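**Student:** Using the hints, put the two standalone chains together into the complex.
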Amino acid sequence: MAKVIKLRKGLDINLKGKATKETASVECPGEYALCPDDFAGLKPKVVVKEGDAVKAGDALFVDKLHPEVCFVSPVSGVVSLVERGDRRKLLSVRVKCDMKFESKVFKTDGNVKALLMESGIFGMIRQRPYDTVANPDETPKAIHVSAFNSMPLAQDFEYALKGQEAEFQAGLSALAKIAPVRLGVSSKQTSKALLEAKDCDVYVFDGPAPAGNVGVQINHIDPINKGEVVWTLGAEEVIMLGRLVKTGKVDYTRTIALAGSEVKAPKYYKMKVGQKLSTLLAGQVSGSDVRIINGNPMTGIKTSADGFLAAHATEVTAIPEGANADEMLGWIMPRFSQFSTHRSYFSWLFGSKKEYVLDSRIKGGERHMIMSGEYDKVFPMDIYAGYLIKAIITGDIDRQEALGIYEVAPEDFAIAEFVCSSKLELQRIVREGLDILKKENA
Amino acid sequence: MRPHVQEGGKFHAFHSLYDGLETFAFVPNTTGSKGGVNIHDAIDSKRIMSFVVIALLPALFFGMYNVGYQNALAAGADMTDHLGMFLFGLAAVLPKIVVSYIVGLGIEFVVAQWKKEEIQEGFLVSGIIIPMIIPVNTPLWILALAVAFSVIFAKEIFGGTGMNIFNPALITRAFLFFSYPSAMTGDDTVWVAQEQICGLGHNVPEAFSAATPLGEAAVGNVIPCETICNSIIGLIPGSIGETSVIAIALGALLLLFTGIASWKTMLSVFVGGGLMGWLLEGVGGNQLEWWHHFVLGGFAFGAVFMATDPVTSARTECGKYIYGFLIGVVAVMVRVLNPGYPEGMMLAILLMNLFAPLVDYVFVQKNINMRAKRATKK
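Those sequence lines, one after another, are chains F and U.
For the first sequence, the working numbering gives the first residue as 380, with consecutive numbering after it.
For the second sequence, the working numbering gives the first residue as 305, with consecutive numbering after it.
All clues stand as given, with none of them false.
Computed list of lysine to any residue pairs in SDA-like fashion (alpha-carbon distance at most 20 Å, straight line):
# : chain 1 : residue 1 : chain 2 : residue 2
1 : U       : Lys670    : F       : Asp777
2 : F       : Lys475    : F       : Glu410
3 : F       : Lys818    : F       : Asp516
4 : U       : Lys677    : F       : Glu780
Simulated from the structure, these hints should not be mistaken for laboratory data.
These numbers were taken from a predicted model, which means no experiment stands behind them.
Isolated chain U (complex conformation) (with noise of 0.2 Å):
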């Protein structure tokens, strides 16, 4: 087979998705060159990739069965029918999951082999975490363009994965959001899955709307507490994936265990919105606690995978802290004193994308002028 994809072989044109299958398959047996070391460890970015799909596993599940709860509720259908409301679910998310991956691997694997460089992994995280971030009711051919944008204009100029400067999942909402806005919140009908799929779930009667409870709050209505507890579970309406704390809080502890995402930057971006949020109940400025900000929306699960994209964050150690601290800050910061958006997420993490090497200039700023005062002190 290996012959036939080689340069010069029948299949060349394939050379990359040979590679890129042979290689998920196997562990390459490429062995050291003759001068670097003669060992290595046993990671690769492929197996971080895997654990980070992994961590998303949990919130991806709960995000299916909660589609499935908001459609049952919507329609005033029995309550009790879990495996159904999952299955609804699953089939209103699946496509989602299929049209991104297809999309941005496609795109992946067409670059690699123009550029005869091996797949990158990256888009396997990015590519579950886009259908998790965006309303169940997103058209499948606006996620197709926005995918297909964020992967061509974000990730492959600068060059692939390692290379880019925003977040590509991130990228993709940003496109959804400002270019179909109504597709995106618009007039809260988007949150909601409305009509059956397959035989499964219930069509919503017309003219129902459910706000998010952020989008409430952003009108100056008090949101009760059941929904903060409910939000703390995940029944509440919003993105697929970013309704469930605790399924959040699964993934982060993988993350955080493993090492892939770093603690300093996880843990900043919880302590620069809760601050926030206690200044600005403190002012008067909205209706939330502090702590709410934490539950509702997509706070916990951008400051869990999103925030902590290695690549896109700040690389210094002490710039982590100032990096994560500035997304927590300016995330609470736009949803409270903008009414126009009632999430601040994906903003707030763009922006200080935007930031992080301004961030690290600094501490990387202080090792060299160190390193010079050291010469001239002689």
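Next comes chain F alone, as it looks inside the complex (with noise of 0.2 Å):
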């Protein structure tokens, strides 16, 4: 039996708009669009041209710094647009389909790690420190997977798992020769894919969100040092490792959930990486003041229903907006219906059944650090959250390494941001901790 890890800090949010377990498919024409942005860290050199014919596999852009790296079309088509902004920065290059869904054909019994560079699944490794996308030359000392997430209104693995399972052990199986691989499972599942997968090995973990952050589950595993590198892969990808190693050919379908309270019927759905989301939403979400999450509401990405799903996205997520609500004297008013962890309101009277409808508001003006303890009741590592943020904020690099920078990422901040009362976007302050950090390291 595997080791159950329990953790206690943390905090589940019940919003309203959970998908129910049926997968409905979606027509798929149109363009595609690959974001380097979607790829922390990645300096991308495009290799396409508008005009060229290109098959599912084929690289589109390349890491300027590994161009053995590939980022990979995910459909076959003709590239149609290479998206480019301010000084010339790329934002994405699509790919007009052309329905036939040919792949390139890879050699699979060749060296798996490159294999997953040129096929563009290396691109989707990321590694710790620093969470970007990984550096091939780096041996990490393991590959981690969480096979749950426990954000609110976040995909179920074990649902889009299903009838999936000897592509996702395959996926194991060839990261096993890179490097140990280590499976985060949640104390929630039962599927035997997961529980008794093989090599690799299985850790439970027991307890509220963020217990599916694969970040927590390497500080409870096998903590990170300074001068260590892990590498972490989504659980999805996985399964697309496995279906290239099986079939040499790769697939970029994704069990996508579209939730939250603003869509009509909250599902799943096949989508590909980098479809067209109004493929996903036409018809689906009510009302009109609606943002449009690629992602979940705690880590995902605003975006809207003109654009793409991202690279790592594994749910699509509709909420209120709330730009016009003009809500009265909210510093005394009970306000029954918003969520807070605070006793100063009444969410402890409702439990935790309640399914809350939460819109985007902040609710509050940015203070400095008031608060003491709040972060760290959600935390569920042993780290100072408060005092690593303030070392980020004072750009003192030598604290930060001092108090563990090298272990976080951004996602591991997102329900303390949830509960700041001094509305501090923590996220952004980590992600750009981290990005100064590298450059200083580098």
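**Tutor:** Structure follows, in structure tokens:
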């Protein structure tokens, strides 16, 4: 039996609009886009021109520092646009789908790492420290995979896994050829494909969000020390790798949870990475004042119906924007519909069963850090989160190292950012801190 | 309205004032930025500060009543006119609250405008605590001076609420205490209001003086049992808001229930004070039993409302125990062993404000050492 690790700190936020467990299909015509911004720390170099014909698996852009790491087209078709922004920054490469879904065929009997880099799956791997695209020159001490996402409205991976157990196992086995693989499983998951997965160590986590964060799992399994490198890969990407190993073809199909209080019928959809969100959202979203999020409300990026499914997103959520809410005297009103961990509101009266509709307002002004201990309650690592944030704000790199910045990623601070009464943008602060640190250490 | 106060508008000089009033009336409609969490907890610092103010109200209202009560007692007047006593107290205390807020918030508004920041709510709490921890006869101009001093030199030069090292309300009191000692304790004439205000209350005969029970104890007088009972209810001379243990306990319940004040700090102050009181009682150092320290003077008020200030207290969870414990110890030590200062709470909290970062340092360094050790072990 796998080792059970119990976590006490954290917070489960019960939002309305969870996806029901049925899968529908969506039309998949039109344009697909791959955005370099989805891959933190990447310096992209475009290798196609507008008008080029590509197959699924053909590189659209590569890592400038490691040209062998390719970022590939999810579908076959014609490159329709190389979109650039200010100072010629590459925003996206778009491919007009030809609906034939032809894939480049890869040789699967060679070096796994080379296969990963060529097929684009390596680009999905992130590394700690820095939470960026992995550096292929380094050898990780382990590869961590989290088989569940504990954030509100997130995809239920156990459901997405159904029917793809063999591919998942094949993916794990392939990864095991690079480094020891460690799989983090939730205590609520029962699938044998997870609990009895081979070629990896299985660890069971029992506790509230963010227990599903791979960073939290690493911290409890085998914390990262200075100088060590760990790779992390999403569970669904492991399935993609399994498909590749089995068939020699790439298939970037995901089982996306479309969820949120503004979605009429929240459920699962099969979609490919980079697919236009309008194909998914047409007729599905009620109301006009809606925020579409690539990902879950805690870590996802705000986008619009014209956006594209982000590379790592396993769900698309729609919540009210709330920019015209004009709520009066918030500092004293009871505000029964609001969720708060704080006892000056009444959420504690309604228990954990009540589902909340939360809009995207910050609900307060940004202040200096005033309250103490707020972050620690929802930060299940042996790190002083408040002190680390202060070290990042003040740019004290030695202190950041000493306090454990190498172990964290922005997403680990998502719940702390939610509860912060000073409304500090913790994820942005951590992201910027990691970027500066990487530059300094380079 | 809004365009006029924005950058380049006609009334831009009042931008921070407008912003302060708008966010007071409405929850800000700003929505989360692109990269952060898309939903937020409803809690914000306005809500927290408002609840601290609410927690202070029982002690404040009782303090007003007690001002009238002491006045009537000194004048030997009718003791059944409770409403009259309260109104007299209101008339005596209200100007102090108004002065404290006008001076303090005025400076906050100017600084916010100058630094192009939003107004910080911290002074909402300080501004009401300050009138509660001074004697009723403190002249308003001295109060205004002290508030200005503490807001500027204890808070704004450090960067505002959240960055200050010392509790601004206590700095106000310390300023008064050391700059105008006669107006603060002096000849024991400061604790009871002695003149009629707008026809309310009574004129007290001249040469009247009333010492606080702590003052009595400091000069070696035995405190009668009756006084202890009165001090639990709060009917003793003292600073305006500090006298009633019952009213303070009501506030403490609200703060503890909402989690705004740390129970660790609060409990540790009482444990530290009780232990020190018990030790000193054992060696015969003073007239007071160990628990008398809790009900006399500003001990309870300080433990509940001032020691628990999250900004100036220890920020690590373990550190809170030590921080609180030492406040209790030092407060009782000053009270008993230093006859010059009957009350030690203010000095104890300010002293520990200074040492709070050191207490935290120990625990944070422990975490750092653990990490460093882990890295070198392999």
